[in-house]
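**Q** Sequence:
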Amino acid sequence: MRPSLPTHNRVAVYYSNHDIRVETRSLAPPEPGELVFEVNASGICGSDIMEWYRRPSAPVVLGHEVAGRVVAVGDGVERFHAGDRIVATHHVPCLACRYCRAGRETACELLRTTRFDPGGFAAFIRLPPVNVAHGVLPLPAHVSDDAGSMVEPLGCVLRGQRKAGVGPGDAVLVIGAGVSGCLHLLAARARGAEPVYAVDPQPERRRTASELGAARVFDASEPVAEAVRRELGRGVDRVIVCTGARDAIAQALAAVDRAGTVLFFAPMGSEDVLSVPFNRVFWQHEATLASSYGAAPRDLAEALELIATGRAAVDRLVTHRLPLEQTQRGFALMLEARESLKIVIDPRLGM
12 MRPSLPTHNR VAVYYSNHDI RVETRSLAPP EPGELVFEVN ASGICGSDIM
62 EWYRRPSAPV VLGHEVAGRV VAVGDGVERF HAGDRIVATH HVPCLACRYC
112 RAGRETACEL LRTTRFDPGG FAAFIRLPPV NVAHGVLPLP AHVSDDAGSM
162 VEPLGCVLRG QRKAGVGPGD AVLVIGAGVS GCLHLLAARA RGAEPVYAVD
212 PQPERRRTAS ELGAARVFDA SEPVAEAVRR ELGRGVDRVI VCTGARDAIA
262 QALAAVDRAG TVLFFAPMGS EDVLSVPFNR VFWQHEATLA SSYGAAPRDL
312 AEALELIATG RAAVDRLVTH RLPLEQTQRG FALMLEARES LKIVIDPRLG
362 M
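Heads up, the sequence shown is in my numbering, so the first residue is 12 and it goes up one at a time.
Read the hints as simulated data drawn from the structure, not as lab findings.
It is possible that some hints are incorrect.
Stated by the list, open to error - Quick list of simulated restraints, FRET-style, between CB atoms:
| hint | residue 1 | residue 2 | range |
| --- | --- | --- | --- |
| 1 | R291 | G180 | 21 to 27 Å |
| 2 | T35 | R126 | 17 to 23 Å |
| 3 | E336 | R240 | 46 to 52 Å |
| 4 | R340 | P40 | 31 to 37 Å |
| 5 | G176 | T320 | 20 to 26 Å |
| 6 | D326 | D30 | 27 to 33 Å |
| 7 | E215 | E34 | 31 to 37 Å |
| 8 | P43 | R327 | 37 to 43 Å |
We put the beta carbon where it would ideally sit given N, CA and C, even for glycine.
Given these sequences and hints, build the entire structure.
**A** Here is the structure:
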């Protein structure tokens, strides 16, 4: 039985990391070109708990890693129908500007401005026409909603690895084995990189990285660069930094091989300034320092293919599934950063 479209929507409103309130808002039917879908899974992203970044926009409904089922479509929408299972992304490029035409879609001005209405931590989401046109993928029947909610973060990972040039035979070091780090580990192995090392201060996360196939997992307190260089006889080809910690960045620069690449995949604090040993990078490494943000439609399509074919076992990263009313608890678990990895909010739970 297909769900009907209600007139009210339950949403988890972010005021701060420690103040998230479930409220009720009105829900209008879709306008032409729009669709409304029921949220079946919405992952909490590491960026959601960056209070310095999120609080200036509060109160706001966060959440952008979503999968669900269409409940209503506006006039002119032909690709999707009520009852379809879908994955949606909040950031969508125009595919026509100079950045998009050059393959740099995440620099597109439109991508930086598109949003869900109201956000992923809600029972229902209303998608604007541009998102419907360029930011929705059908979810195959055998792919779970939880796995579908991982398409967006995995797409961001794949874009970053493409930018860093990760490929077959590359030695890769992933610093930070949270969700992003574990996705990078899975993606690098799917791309044929070998060996892939991981670093994290938390024993639970080191254990997960090992189970996901890391060749070796280091405690962040260890002299990682020296250990890797002893094992390989050189530095690693690609270092992917999934934390904004200063020590991690220094570790990355010490571990990268000549002509290698360091990919920064997480921001530092809002006022932090990075000091780089410039001459060492210039004279000794000839290294490329790169950053990556967001994903384009092609990245999302590749991510869904990896998940659907079983080459990226993202379901294994889900440690908690919580109802919308426990979104605050989900944020607390993320802030603890211990036994939790991917925390998924399912607004249908408890209903």
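**Q** Does each hint fit the structure? Answer for all of them.
**A** For each hint, the structure was consulted:
The hinted window of 21 to 27 Å between R291 and G180 holds, with their beta carbons roughly 26 Å apart. Taking the beta carbon of each, T35 and R126 are about 20 Å apart, inside 17 to 23 Å as hinted. Take E336 and R240: their Cβ atoms lie about 50 Å apart, and the range 46 to 52 Å holds. One distance hint, 31 to 37 Å for the beta-carbon pair R340 and P40, holds here, with the actual separation near 33 Å.
Evaluation of the 20 to 26 Å hint for G176 and T320 yields a pass: the beta carbon distance comes to about 23 Å. Checking the proposed 27 to 33 Å range against D326 and D30 shows it holds: the Cβ atoms sit about 31 Å from each other. Evaluation of the 31 to 37 Å hint for E215 and E34 yields a pass: the beta carbon distance comes to about 34 Å. Checked against the hint of 37 to 43 Å, the pair P43 and R327 passes, with Cβ atoms roughly 41 Å apart.
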